[in-house]
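These protein sequence lines are chains A and B, in that order.
Just so it is clear: in the first sequence, position 178 is 404 by the working numbering, and no numbers are missing.
Just so it is clear: in the second sequence, position 101 is 327 by the working numbering, and no numbers are missing.
Among the hints, erroneous ones may be present.
Each pair may be met inside one copy or between any two copies, as identical chains are not told apart.
What the hints assert, rightly or not - Cross-link-like lysine-lysine pairs, in silico, DSS-like; alpha carbons within 30 Å at most:
hint	residue 1	residue 2
1	Lys342	Lys424
2	Lys553	Lys571
3	Lys638	Lys594
4	Lys458	Lys571
5	Lys553	Lys456
6	Lys455	Lys348
7	Lys228	Lys348
8	Lys455	Lys424
9	Lys471	Lys455
10	Lys458	Lys594
11	Lys374	Lys638
12	Lys458	Lys409
13	Lys571	Lys374
14	Lys424	Lys374
15	Lys342	Lys374
Because the hints were derived from the structure by calculation, they are not lab data.
Note that the structure is a prediction, hence the values are computed from the model and not measured.
This is what each chain is made of:
2 protein chains.
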Amino acid sequence: MKSEIIAVGSEMLTPFRQDTNSLFVTERLNEIGVTVAFKSIVGDRLRDLVSAIRTALGRSDILVLMGGLGPTEDDLTREATAEALGIELKRDAQQVAALHARAATWRITMPDNNLKQADVIKGAEILPNPNGSAPGQWLDVTHEGYRKLIMLVPGPPNECRPMIDAECMPRLREILPVRHIAKRTLKAAMIPESQADKLLAPIYTTYTDVETTILAHAGDIQLTLLCAKKSKEAAEDRVEELATKLEEALDDWLYSSEGESLEQIVLYYLGLRQSTLAVAESCTGGLVAQRITSVAGASRTFLGGAVVYSDPLKTAFANVPPDLIAKHGAVSAEAAVAMAEGIRKRTGATLGLGVTGIAGPTGGTETKPVGLVYFAVSDAQATDSYNRTFRGDRDRVRQWAAQQALDLIRRKLM
Amino acid sequence: MKSEIIAVGSEMLTPFRQDTNSLFVTERLNEIGVTVAFKSIVGDRLRDLVSAIRTALGRSDILVLMGGLGPTEDDLTREATAEALGIELKRDAQQVAALHARAATWRITMPDNNLKQADVIKGAEILPNPNGSAPGQWLDVTHEGYRKLIMLVPGPPNECRPMIDAECMPRLREILPVRHIAKRTLKAAMIPESQADKLLAPIYTTYTDVETTILAHAGDIQLTLLCAKKSKEAAEDRVEELATKLEEALDDWLYSSEGESLEQIVLYYLGLRQSTLAVAESCTGGLVAQRITSVAGASRTFLGGAVVYSDPLKTAFANVPPDLIAKHGAVSAEAAVAMAEGIRKRTGATLGLGVTGIAGPTGGTETKPVGLVYFAVSDAQATDSYNRTFRGDRDRVRQWAAQQALDLIRRKLM
Numbered sequence: 227m228k229s230e231i232i233a234v235g236s237e238m239l240t241p242f243r244q245d246t247n248s249l250f251v252t253e254r255l256n257e258i259g260v261t262v263a264f265k266s267i268v269g270d271r272l273r274d275l276v277s278a279i280r281t282a283l284g285r286s287d288i289l290v291l292m293g294g295l296g297p298t299e300d301d302l303t304r305e306a307t308a309e310a311l312g313i314e315l316k317r318d319a320q321q322v323a324a325l326h327a328r329a330a331t332w333r334i335t336m337p338d339n340n341l342k343q344a345d346v347i348k349g350a351e352i353l354p355n356p357n358g359s360a361p362g363q364w365l366d367v368t369h370e371g372y373r374k375l376i377m378l379v380p381g382p383p384n385e386c387r388p389m390i391d392a393e394c395m396p397r398l399r400e401i402l403p404v405r406h407i408a409k410r411t412l413k414a415a416m417i418p419e420s421q422a423d424k425l426l427a428p429i430y431t432t433y434t435d436v437e438t439t440i441l442a443h444a445g446d447i448q449l450t451l452l453c454a455k456k457s458k459e460a461a462e463d464r465v466e467e468l469a470t471k472l473e474e475a476l477d478d479w480l481y482s483s484e485g486e487s488l489e490q491i492v493l494y495y496l497g498l499r500q501s502t503l504a505v506a507e508s509c510t511g512g513l514v515a516q517r518i519t520s521v522a523g524a525s526r527t528f529l530g531g532a533v534v535y536s537d538p539l540k541t542a543f544a545n546v547p548p549d550l551i552a553k554h555g556a557v558s559a560e561a562a563v564a565m566a567e568g569i570r571k572r573t574g575a576t577l578g579l580g581v582t583g584i585a586g587p588t589g590g591t592e593t594k595p596v597g598l599v600y601f602a603v604s605d606a607q608a609t610d611s612y613n614r615t616f617r618g619d620r621d622r623v624r625q626w627a628a629q630q631a632l633d634l635i636r637r638k639l640m
Numbered sequence: 227m228k229s230e231i232i233a234v235g236s237e238m239l240t241p242f243r244q245d246t247n248s249l250f251v252t253e254r255l256n257e258i259g260v261t262v263a264f265k266s267i268v269g270d271r272l273r274d275l276v277s278a279i280r281t282a283l284g285r286s287d288i289l290v291l292m293g294g295l296g297p298t299e300d301d302l303t304r305e306a307t308a309e310a311l312g313i314e315l316k317r318d319a320q321q322v323a324a325l326h327a328r329a330a331t332w333r334i335t336m337p338d339n340n341l342k343q344a345d346v347i348k349g350a351e352i353l354p355n356p357n358g359s360a361p362g363q364w365l366d367v368t369h370e371g372y373r374k375l376i377m378l379v380p381g382p383p384n385e386c387r388p389m390i391d392a393e394c395m396p397r398l399r400e401i402l403p404v405r406h407i408a409k410r411t412l413k414a415a416m417i418p419e420s421q422a423d424k425l426l427a428p429i430y431t432t433y434t435d436v437e438t439t440i441l442a443h444a445g446d447i448q449l450t451l452l453c454a455k456k457s458k459e460a461a462e463d464r465v466e467e468l469a470t471k472l473e474e475a476l477d478d479w480l481y482s483s484e485g486e487s488l489e490q491i492v493l494y495y496l497g498l499r500q501s502t503l504a505v506a507e508s509c510t511g512g513l514v515a516q517r518i519t520s521v522a523g524a525s526r527t528f529l530g531g532a533v534v535y536s537d538p539l540k541t542a543f544a545n546v547p548p549d550l551i552a553k554h555g556a557v558s559a560e561a562a563v564a565m566a567e568g569i570r571k572r573t574g575a576t577l578g579l580g581v582t583g584i585a586g587p588t589g590g591t592e593t594k595p596v597g598l599v600y601f602a603v604s605d606a607q608a609t610d611s612y613n614r615t616f617r618g619d620r621d622r623v624r625q626w627a628a629q630q631a632l633d634l635i636r637r638k639l640m
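Looking at chain A on its own, in the form it has when it is part of the complex:
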């Protein structure tokens, strides 16, 4: 079955706003074995909308229309769908009553144009919207000899997504042939992209019945494996088999087999080892701490740290001796080591991290170019240091450095 997603709204044809609902809807459709063949974004003009829906009817079996169901003049998805199908709209008395009731609970008088939202395409089922005033519509019709399943859902994500889950998916599942889906997400850190490709492609390309998607971002690689079979067991077996081989190939680059984030894994290992962590960040400026504290419950093992952007702060908060900075520079292996040891001792943490580098765009020299970052991880036994030169702009260097720092902590804990 070919499906097509149409996002309706002129704001998504500006440089400022993007449709994101379609990613969610695609995930749901894929889970029941339906692929998305086209996505379209159309503005709030009746003629354009009718044209887009007609085109979709001509080439796809399942249509998901998102947005344009509100009460304003610009909300034309109902009208356009009815016109494209050649079916009448009817004002539904029950919906009119529901709209009045809703307005009453808000203690407002309902403007007349709100009643648009009670217009239903003849033959459509109404999909309740507990999170907003515009109901959705479900159509199962024969159009020019072909069966078409058409869903009209609201645009706001907090209305669209629950309606897809509660109303559309169960109806689709009932109609479509039963397929069981198995899914796994593997994640690896700091593996060079070319290396990843060379290691992984020969493995996953032989599993033509498992769809493997690889996403890479700033030192983080995510592999998603998806397999659809008639039996749940068959699907799970195939995914498991491929996952095991990929895990082996990824070796200790792999940090998660269940989709957790790197910061979650770091916190997990800290808990497991009954360890605590403190960080002293210079060039990453709080990015490492921010990622760790984005995880709920981080306070159990993360004590905190210092953003030692100035040299005196490196001394004040991380005990870095001023003469060490004078001799080796604030961006040096020696400084990173001193920061890691200093922050560990100052905070009483089991583990200390030091990060210092040149994020750019200025501040580089011939021997210490922009992108050079020194790391150190310290515990009671030893302090390991590492350095790497990252390419790209300030933001990219900082993202990569934070990822590298978290990965070094993970490796220390493993």
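Given chain A, work out where chain B should sit, using these hints.
Frame of chain A, contents of chain B only:
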């Protein structure tokens, strides 16, 4: 002129990847007065591609096709465009030579299928691609009686965007009627959304010749004003007039009239006042420091700070007396004030910030619910404190709290 953007690539029909080039292209087209009427995303199947291009030819004057110009079997944009137009493809000898030359500099033997990239639609101009091997193509043709401008550009952003700027825009400017565009971006912090709407809508809706777009995100509001006129002066006058009125209405919520970020403005004022800043963050966990240090040159006025996630660290790095925490709690106005004063004194900064709160999802009580955050900003004269309860999940509370913190610093400096 109606334009349509078609992004080609099956990966953009998965839940994992999204077309972002189209936002860039839309901005460029809008700047010369061309609106985007449709955006489509199509996979790497010839039949689907031909169908999408035919549909676009039937309803739009300008077509921008992005992606599918590479050397693999999946790269079918050239073939599909030729088929939809009913024009032949020809292998271009000069392009073949260029591909061979490129392979030679990389010291690799070129696989035969790479030569696909030398296939040119008859009548098309070749658009050079300094950042990749696939050249673009420019077509100015009559199709079924109508003039169509068609651009084929590569998909990777670092190839697509420079080609749009260097090759496509100058050609479009030459053909389209001259229109001058004036643009302004205003930004405001922490203004309640309903208030913003009530204040601003009555003003900008009367300027029907200026397109006003409002984007809101976690306490940040961005207004973009765009006006196209036959003369540059006329466009600028209208934008200036509207901007002045909006600026007046936004009063001291306005922090930027030129599109700078809030952290840039904070750093600007710090420099202007010859002040320095240090921060002590608890619930924001480094987010404030991270935003400030994302700006190049932050080190001139930002000394750094402490992520005082645990109570002992609040004492060790920000001088918060343990008995103050015992009496009032780590999440209290008293603690925020002590953190702001403590970090200021410890670092010798002119200004100190303290942020402490309950980011959630757990840790809330009846008197101190999830989302409650205390702030304090301290200088040599006084320490001001403030608190607010933000709604939403952990991430949202942290985003709002960081924005509020930066805005309090801005107001202190103003």
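Indices of hints not satisfied (ascending):
Failing hints, ascending: 4, 5, 6, 10, 11, 13, 14.
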